[in-house]
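Letter by letter, the chains look like this.
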Amino acid sequence: MQDRIKYWRGIEELENTPEFAKHAHNEFPEFLPVKETSADGSSSGKTKRRDFLKLMGFSVAAVSLASCEAPVRKAIPYLNKPVDVEPGVANWYASTYFQNGNYNSILIKTREGRPIKIEPNPSSKLTPTGTSARAQASVLGVYDINRLRTPLIKGKEAEWEQVDKEIKARLGSVTGKVAIVSSTIISPSTQQLIKEFGARFGSFEHVTYDANSASGLLSANGGVVPGYDFSKAQVIVSVGADFLGTWIAPIPFAKQYIKNRKVTSGNPNMSRHIQFETALSLTGANADVRVPIKPSEEAAVITALYNGITGQGSAGNTPAAATKALASAIKELKANQGKALVVSGSNDAGTQAMVAAINSALGAEGTTIDTNAPYYVKQGNDAAMIRLVNEMNTGTVGAVFFYNANPVYDHPLSAKVVSGLKKVPLKVSFSDRVEETSALADYIAPDHNYLESWNDNEPRKGYLSLTQPVLTPIFLTRQMQDSLLNWSGAGGNFYEYIRNNWRKIASAGDFNKFWEQAVHDGVLENGTSMMTVNNTFTAASPVAKPVKAAAIEAVLYEKVAIGTGDNSNNPWLQEMGDPISKATWGNYVAMSQKMSEEMEIVQGEVLKVTTANGTTFELPMLVQPGQAQGTVAIALGYGRTIDSMPVAKNVGANALAVATVIDNTILYTGPVTLEKTGATSPIAQVQTHHTIMDRLVVQESTLAKYKENPKEVTEYIRLATHEGPAKPATISLWDDYEYKNHHWGMVIDLNSCIGCGACTVSCHIENNVPVVGKAEVLNRRDMHWMRIDRYYSAVEHEEKDYETMEHPAENPSVVFQPMMCQHCNHAPCETVCPVAATMHSSEGINQMVYNRCVGTRYCANNCPYKVRRFNWFAYFNNDKFATENYMMNSDLGKMVLNPDVTVRARGVMEKCSFCVQRVQLAKLEAKRENRRPKDGEVVSACAQSCPTEAIVFGDMKDPESRISQILEREQGERAFHVLEELNVQPNVTYLTKIRNLA
Amino acid sequence: MQHVSPIREPLVTGGKTYHDITEDVCRQVEAKPNPRWAAAFAISLVGLAIFFYSVYRTLWFGIGEWGLNKTVGWAWDITNFVWWVGIGHAGTLISAVLLLFRQKWRSSINRAAEAMTIFAVICAAMFPVLHMGRPWLAYWVLPLPNTFGSLWVNFNSPLLWDVFAISTYFSVSLVFWYIGLIPDFATIRDRATGPIARRAYSVLSMGWTGSAKAWSRYETVSLILAGVATPLVLSVHTIVSMDFATSVIPGWHTTIFPPYFVAGAIFSGFAMVLTLMIITRKVFHLEDYITIEHVESMNKVIITTGSIVGVAYTTEFFIAWYSGVAYEQYAFLNRAFGPYWWAYWSMMTCNVITPQLFWFRSIRRSLTATFIISIFVNIGMWFERFVIIVTSLHRDYLPSSWAMFSPTMIDVGIYVGTFGLFFTLFFLFVKFFPVVNMAEVKAILKSSSEVTHTSADTMHGTEKELNTNTHTHHRHE
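Note that the protein sequences, when read in sequence, are chains A and B.
Heads up: the first sequence runs through residues 1 to 998, numbered per our numbering.
Heads up: the second sequence runs through residues 999 to 1475, numbered per our numbering.
By construction, these hints were calculated from the structure, which means they are not laboratory data.
Treat the hints with caution; some may be incorrect.
Derived coverage of chain A by chain B (criterion: at least 3 residues anywhere in the stretch with Cβ under 8 Å from a Cβ of chain B; other residues may be distant) [to be verified]:
no.: 1; segment: 240-251
no.: 2; segment: 777-791
no.: 3; segment: 898-910
Computed footprint of chain A on chain B, listed as stretches where at least three residues anywhere in the stretch have a Cβ under 8 Å from a Cβ of chain A [stated by the list, open to error]:
no.: 4; segment: 1053-1064
no.: 5; segment: 1084-1097
no.: 6; segment: 1258-1264
no.: 7; segment: 1353-1365
no.: 8; segment: 1385-1397
Small disclaimer: the values here were computed from a predicted structure and weren't measured.
Each residue gets a CB set at the ideal place from its N, CA and C atoms; glycine is no exception.
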């Protein structure tokens, strides 16, 4: 055996002296030569000055180093990796969003067990594309830090066992009526469960009411919403129904509506849309003809239509402004028998009965109204609710349960609800927080968020869908249905309950397989229906009851984002610019320019609004072009004062007092008087200039011209050269980029964009865009990566001077233009950055390198589209934004952030990235499968959430892609670039808007 | 030796001798602080404190402390930057260009003007750094070898050209100024009595001996530096103007900008020199060195450059109309009649109308009038930059993004604060440095002083009193 070569640490080891051996086991054999003070304190043992300094130096260094340590933040790894959870890989679950009439079949993206994004469920026939802004934003609800974490008994935290015991005992001895008050429930299983729950009580009632009621419509149509199908309608007349924005089922309606609004030169046909309304709604903004009318004139308009079409009744006096439009509407409707549809937003049963008669006379049944497939998304019965409120006040109600209902806040008789509740011995709320109603309840048994719940849904007859939990409940909440099962003594859980219910409709064979397929798809739309409708309404005769005229008539309306206020604690929705007014964070008194001038009020002046019953509230005024003269419009859903909604607290005022209750009918209109208070409260708008100043930024034309020659509807800018006019893109100093692999681009069809703003919220969520709050929006520092520019047509004037161009017309035509980074091939931002923090990718994407950005803002200044956004402050971990931007300022809120997208630091620029994280993901997945990405695999967040498919994203290098085909088809016809003359060569192409003007 | 016609107004009045010059200039350096100086210095320190507070707010909380928004990404920051850079131009022009053109009247004012240049450039340089979102990374704009991969600066960016332009300008100006100070420091050193002063000025004078060889080199270096600095007078503001001229924003994208900015810079610089000079000569009793003749000469420069600027304003309007570009036309109409009309008309009044008063000799030679008009010009030139930056940005291409800008207290604080910084430096300078270039004034004494014009004989009688370092006579004889 060969001798090992031996190395020594030093000569000492070789010699191996006893001295060495003694210290050999010490890693550091030399010691700090510090002599310790000997026990007897003799001078020889005294610490020397040098030693003292050494010790002190060491201690000071150690102490200061220790204080430098960052706070410990614990990340807990999976000890046992859950099945299906792959860190870094998203899981998708099909589910259903339903809140207050707003239905969406959805896919939920989860990362490491956290839901982070909501997308449309393409398997659904009802909402295959697009989501509403509310559905998008609903993902945050589960991370709301203000949700209750335990049940409450009389406002005190309690155990579920205790709650169950007490409620069971009290229900056992209940006298009087037991009532469950809820907003519309579209879950057949829940409805059945409630019925079963009530069966054991002598007197039980399930009262449904909607904060924005459709009782009138329901009563005229046998307790259901008629199965409107706008896709079959060539002529649509709407009287005050904002069916694209907030009325009944806007997402399915928008999808249907847009089918006949998309044009190509091959099929240059469009439906015609006439809108009579008071406030300028999203639907009105999309109409071909829009006539502003007062609420008091609505009955006359409907009556005239009724008379004109059915030939019954008398036309009466129609408002002068509407006469011409009415005549043409009647003519066009009649000419389109079986292809026409009339809808009304009125809550008056007589009016709706007239509308039903009109539609019937137009042959709508079976064509534009699918009689076999009514909608169930509104079921509220005003009369029943009012009766219950009265019963509560008389003391005959023994127990009341509130499920998704907050009448103290959102019912016009809220004062009576409060007084009535005092007389109800047992009050239970399933609210997820202490809100206006649940604060008065004896028990709060907080319900799960819908992302934690099982449920089934039937928004429309024959369209079933499932809601499934995508995460373990965060707090000690319990699904309302499970609570009912427990309290009724039936036991079991709701999941089993639904499954049992679904067994009845299951196709023959293995139920588990059927069930799994249904859960996987999220929808079961084979015509099977589970809902049983109990028509509790009494039909009215077709006589429109006119609203009393007043000097100033006010109308209440829902905002696309905030609705009736259920979502008002959601910062994304609060910061989303209203599609029409572009206002964020609050409601206001909207009035026309003319009226404001007459009353000498300027925008932002606070008015005291006094309603018919003497209630007053104060709101600032907003000048709203298109608002009918002599009327004002105020949005519902604001004026929260409760602590559990800090985001919404003191934002706007609750205007519900304007609503009038006549004969068990709630009308969302009423007379008001306005009074100046002298105060001002600026309105935070994300856009403050409203006209297009005669610029060729948005292009539009008419259907007639388009039919005549599709090549002449778009104006193409040509630059003068010595060789004659030339396309700007052909004149260049630079070599163009060469795109060898992909060239990503986007096409936005201005004809399809209805301006709903779902894309802006979707973009916000996908890209971790901070919410900045009202003060910062007022500073014009909103962070929206994409926005929808809304322009009003200007006052018609012979001389086009800049002064007149600045003023919107009294009843303007409206155009929407989604605007985001145009990803210019000759990007002005790229050349000016001193540190090359923004540069062009090899695939045509203008990239922003946050790490490299030093924040000169030169790029933003030089951007002709003004789409770049600067981080003026740190928006995360910053107390200043803790309320508005809790998604970045609390541990729970941060769960919703997209881990694929950086949260930007203070002082850097950011902007639309064409969802580069999605592009990369699709490319990686394709690469793994050794193929090229297929068209449709890469979808930007905005395109995915668009209900009308106005935005198409794709690879312009792929000749088969949708975008390439659209571009090829529309080249020279409707395709144009904004500011083409600058030769910045955007990768975003717009398609000219076509209006169907008579 | 050059001969100066007796018809010319003398450049040094009051029958000064070489010794008088030394005494007059060294007096404020050597004497106890003048109470008026102390008061002014205290006020400057207050300004400096405002500066530090505002900068602290900006650095600690972010640029959000300013009034900027998504549409107007630059406002007071870059306005102040361009304004201060412009102010500095006069110093370089006076010291370099006038030296090359042998304009002897520059001798008594060049020192202060150069100091002003340097302090103004220091103030100006604050803004490109402070306006950054992440100023701690400001060094990334320098083409330094780095470990960030193959990252390099973007040579296409005018902002990068700015970095080079300003840093070059600052270094050349500083060296030029310092070289000129060396003989004067030596004078003070030789007169100093206290040990600290002696030591300090000894270090500052870098062992100046005053030998003929040293003077020869001094002259050569001055000439070379003047040659180097002269193109800078044109280049710096040309490059600053390119920040705007190379962009695509209507109102910025203009080829007229380089000459227009240079003229504007000289215009504002001379106005600022006048403002400061009129105060300095009064406070330090330097009326015999900085004469009405100087003031008048500078006023002539002001009226010339002011008129150039006026022509530029009109030309811009004409070209906007002539271009036929709607965006361009709107940008200019919006300047004059839009929401910021008051800024535009303040600019027009201060820059174009008021300097025209200098056509009258009496106004040109009136100190009060000159002082007031110089302030007007300073205000007008600030508004010019504000008008260019803010009114162009606030309403550019897409009306949807149009916005207004209004400053916050921090914006104001930083601007006011840079005055604090400037005057703190300036007052330190006037107290501890020779405010008039003694060596060079002595050089022109024989040819251009009042004494020369009357009797040359008195000169010789004082020669023996000359300090060892004053070698002017050697040079010229």
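Now the hints, each set against the structure:
no., hint, result
1, 240-251, "violated (count 0)"
2, 777-791, "holds (count 8)"
3, 898-910, "holds (count 5)"
4, 1053-1064, "holds (count 4)"
5, 1084-1097, "violated (count 0)"
6, 1258-1264, "violated (count 0)"
7, 1353-1365, "violated (count 0)"
8, 1385-1397, "holds (count 6)"
Taken one by one, the earlier hints fail for this structure at numbers 1, 5, 6 and 7, listed in ascending order.
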